[in-house]
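Student: Letter by letter, the chains look like this.
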Amino acid sequence: MSKVLTIALNEGRALWRNRTAIISAGLFLALSLMAILNAWDQFRFSRDLRATYQSEANATFDAQPDRHPHRMVHYGHFVFRPLNPLAAFDPGVDAFTGHMLYLEGHRQNSANFSETRQNTSLVRFGQLTPAFCLQVLAPLLLIFLGFGLIARERESGTLALSLTQGVSGTQLVLGKALCIAAVAAVILLPALITVCWLGAAAGQGMALTAAILAGYVLYLMSWAGLILLVSMHVPRAREALLTLVAAWTCLCVFVPRITPDIAAQAHPLLTQMETDIRIHKELKAMGDSHNPDDPYFSGFKQKVLRTYGVTRIEDLPVNYKGLLAVEGEKMTSDLFKTYAARNFGQQQAQTRLMDGAGWLSPLLALQRVSMTGSGTDLAAYQAFLDQGEAYRYGLVQHLNQLQATTLTYVDDTDKMRENRIDHRHWTAYPDFRYRPPAESERLRRLLPSLGVLAIWFAAVLALSQWSVLRLGRAAQ
Amino acid sequence: MNTLKFEWRLIVRSRLTLAILAVLCLLTVFAVGRGLKEVARQNAVISHLQALQKTDLSDLAKTYGPEGDAGYIAYYSFFHTYDPPSSLAFVALGQRDVLPYNLRVRALGLQAQLYEGDNFNPELALPGRFDLSFVVIYLTPLFLIVLLHDLVSHEKESGRLGLLRASPRAGIALWLRRALLRSGLAFLAVALPLIAGCLISQAPPTGIVAILALVLLYIGFWTGLCVLVASFCADSRRNALVLLSLWVAIVLIAPVATHLAITRAVPVPQGVNIVLNHRQAVHGAWEVPKALTMQRFVAYHPEWKDTPPLGKTFEWKWYFAFHHVGDQSVAADATAYRASIANRQAMARTAGYVLPSVGIQTAIERIADTDIDRYLGYQMHITDFHTALRRFYYPYIFNAAPFHEPAFSKAPRFLAKPYSGGVDIRYCIALFGLTGAIWLVGILRMRNRMS
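Line order of the protein sequences matches chains E and W. For the first sequence, our numbering begins at 1 and goes up steadily by one. For the second sequence, our numbering begins at 1001 and goes up steadily by one.
Derived from the structure by calculation, the hints contain no laboratory data. Treat the hints with care, since some could be wrong.
[Stated by the list, open to error] If the Cβ cut is set under 8 Å, some of the chain E residues that face chain W in the computed set are:
(1) Val93
(2) Arg117
(3) Gly126
(4) Leu174
(5) Leu178
(6) Leu241
(7) Arg257
(8) Gln272
(9) Leu378
Built from N, CA and C at the ideal position, the CB exists for glycine as well.
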């Protein structure tokens, strides 16, 4: 054991004396720190802004004067997507998704004003966030610091010397592994503290925070193992460096950029315009409420008359126009739901394909763990859209019901009359509250990818074990 | 000439060098193929939607034509606007995967329609696209580093350096020739598939030449850096480490840091405000005296000042009038919003004069016409079309003229915005200057060290 420690300490001392190593590690830590501070600042700004907008939107809705309820249906409401504090660590898809949703009757709008739509394409190089530092830059730093761990000793001939002087291959590799693992730990530390702090700020359970931490530890330790592995196998240090950079390019850049293309092609999405046209067409095929002879709506009329036991709509105790509005909204919303489910389903299939590519690139697996753990993934966004739609439907139907119950049919069809109802009806309606996906559900979604990372780590360990044996044999 | 032939033979014999060049060429072919395919897909989407639009509008003509109520028709008629990719878009797809290139608009308030987005999966957008600009900016420097990091040190480590320096006509020409030949081959590996792609997509010659020149300058920049590093005469391992650190700094960190600096320096006034204020103006109109709304409208459209006053019942002309007044009430906000986005892009361009990775990205996207400037132009184009649409409907609505089926074909046609990209010569000069300076220092240093 003491030999292992001695080797690790020796290696550490060598690193400490290496100016390039110290400078690059220092730069990395400075960059991480800058990323953390900036991300926190940006997060607070966005969170406060959205909260302000939401309360303003609630206030203006409540402050509307007496109106016809159908005017309020068109006036609509705005909801804003709140931000999870962990977005300061990993903003995930936040920059690419709109955060404002306009809710109105008969229509389903897209969430608008994403960061990408008001930015240059520099955003496509990646964003300087703590997650970016750990996912993309940290493996490169580890490569630069560790590519020569064993290859350099082999090159200078000290490897054979050590192995014949009573140090076993296992001890040597363990010592080196200990050193690079310690470096990885130092790299991880500031970001991990950030995750714990933000996780606590988000009030989320320990399980999710622990899952994020485990993901990053497994990821960087896999890289450390891979570096050691390559360093053991490649005869010269320079070749180890080039091999490792090639591996990094493939795992962190090539696979993640190729997979989206494949996923988009495998599960194509319907454009918004085609969706709108199709919904409009299907709606027209079902029935036209403006046409007095329309079979669907005359059937609906008969049903209503039967229910209330009257023969004329003027005799109904409720406003028939309101009932029609309720029925119409129900029909459109059913179609919205069908198409949204189809769209989300396709996107989820695309995302599953990306997750599957985690077997090829641990970065993709880590991003799943990190984004889902931070509540900034596609599912959290879709949950917002789903809840926004549910709120829209509830609000519009509430207003339609008001039209049916507070106005009479005779008044409502009188074109010369201004029909308005009391504005207190608006204040009485509850505000929108976004509920992020349940922690258990998020955990369930990220666990397979955490498993993939664990298997990556195990595979690297197993290969290392085998290589150590080979190293030992080669020395004899 | 003989010496060049000799160098060529060295390359042909080195299987590693050949393999590296072949991989680079294959990646470029792949990127060009993906780019062309994506452009073809976007064009197919546009023409599919055009066909849908046609049937949608003719259905509408059949439904509402007989009745001929222009207000209803203007209310229900959506028109397809689109922004087709340029013939050079395959080189740099830019933001086209996240910005909408199809939008339906109608003659109602535009500011409630202009910011709508299309369906896309944000998780797929996160890693960025694999297109030619990516291969050039990200990967080509890595390949050059692999090819050139042992320019001098390789000979030193194999013990030939002393011999080479002692030979007659020794000097730095050998190293420069070697560097130029290798990076020249790397350039060809990228340029040939690029030219093939341009021929397939029938790109304009100036654009092709400009992109080739940029790629050549960028490769020249990295070759210069490799020569400069080689002039320090360190061992191969150290050279590789230094060059890779430079790559991380220039390609990975610089653009990310620039993006951060720009977003912090130019806060974009929240676009949300436009939509919030617009909705307030449009829906609040029901509480505003109708005469006042008409008065405001007439200020923008004096040709309708003699329209008869409104009665007590609902009239379409008032409805369309308050939608336009709503648009006008947020016009200043909308202009400021656009201006600050354009300002961000201008800052990125300025940063590009000193940061080659940022510069070549913005320059290529400008040539390919796929950047945010193009998108802002498309929005302006939609605005112009929307104005034409309003002006087309107004006479029917204000004069209460019947709008029957033949009138449908008189509606303004949307014509795609023509190519609006261009070559920024200043950028080429800046990159040329930077490259030249690095080469100069590299050559001077090498001459001092080697001879």
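Student: Next step is simple, just say for each hint if it's right about the structure.
Tutor: Each hint, compared with the structure:
1. Val93: 4 Å, holds
2. Arg117: Holds - the Cβ of arginine 117 of chain E comes within 8 Å of chain W, reaching about 6 Å at its closest.
3. Gly126: Holds. Min distance 6 Å.
4. Leu174: Leucine 174 of chain E check fails; min Cβ-Cβ to chain W is 25 Å, beyond 8 Å.
5. Leu178: 23 Å, violated
6. Leu241: 5 Å, holds
7. Arg257: 4 Å, holds
8. Gln272: Hint holds; glutamine 272 of chain E Cβ to chain W Cβ min 5 Å, cut 8 Å.
9. Leu378: 5 Å, holds
Of the numbered hints given earlier, the model fails hints 4, 5; all others are met.
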